[in-house]
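**Q** Assemble the whole structure, with the sequences as input and the hints as a guide.
Heads up, the sequence shown is in the numbering used here, so the first residue is 97 and it goes up one at a time.
Possibly wrong hints are sitting among the right ones.
As the list claims (entries may be wrong) - Simulated crosslink set (DSS-like; lysine-lysine; CA at most 30 Å straight-line): (1) Lys157 <-> Lys185; (2) Lys177 <-> Lys166; (3) Lys157 <-> Lys177; (4) Lys185 <-> Lys166.
Hints are computed from structural coordinates only; laboratory data are not their basis.
On a predicted model such as this, the values are computed, not experimentally measured, just so you know.
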Amino acid sequence: MTELGIKISQTLCLWCDNLGTTFLSANPVFHAHAKHIETNFHFVRERVVQKLLQVRFIPSKDQLADGFTKALGVRAFEEFKHNMNLRVKVS
97 MTELGIKISQ TLCLWCDNLG TTFLSANPVF HAHAKHIETN FHFVRERVVQ
147 KLLQVRFIPS KDQLADGFTK ALGVRAFEEF KHNMNLRVKV S
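**A** Laid out in structure tokens, this is it:
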């Protein structure tokens, strides 16, 4: 955020629906168990060590971003619309 010129007073939180990724970001001991680690993981890990970022787990069903990135069933889509305060405008 500082690179974008935005000053923040608290640690940013990144919500992730992959429990393994959450553990890897918090504990480097798990690295030996990972077959392939992307370059961006190291970037995130550095920020976690510097206490600039927290990675926390969120169940997939509660991941609000899925409404923008995945096809949802009717019930999940209705819940997504409700959470985003989207309403059908009647003319």
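**Q** Look at each hint and say if it fits the structure.
**A** Hint by hint, here is what the structure shows:
1. Of the supplied pair hints, the one linking Lys157 and Lys185 holds, its CA atoms being roughly 27 Å apart against a limit of 30 Å.
2. A distance of roughly 14 Å separates the Cα atoms of Lys177 and Lys166; the hinted pair therefore holds under the 30 Å criterion.
3. At most 30 Å may separate the alpha-carbon atoms for a hinted pair to count; Lys157 and Lys177 meet this at roughly 14 Å.
4. Only pairs whose Cα atoms come within 30 Å are accepted, and Lys185 paired with Lys166 is accepted, the gap being roughly 24 Å.
Hint compliance for this structure: every hint is met.
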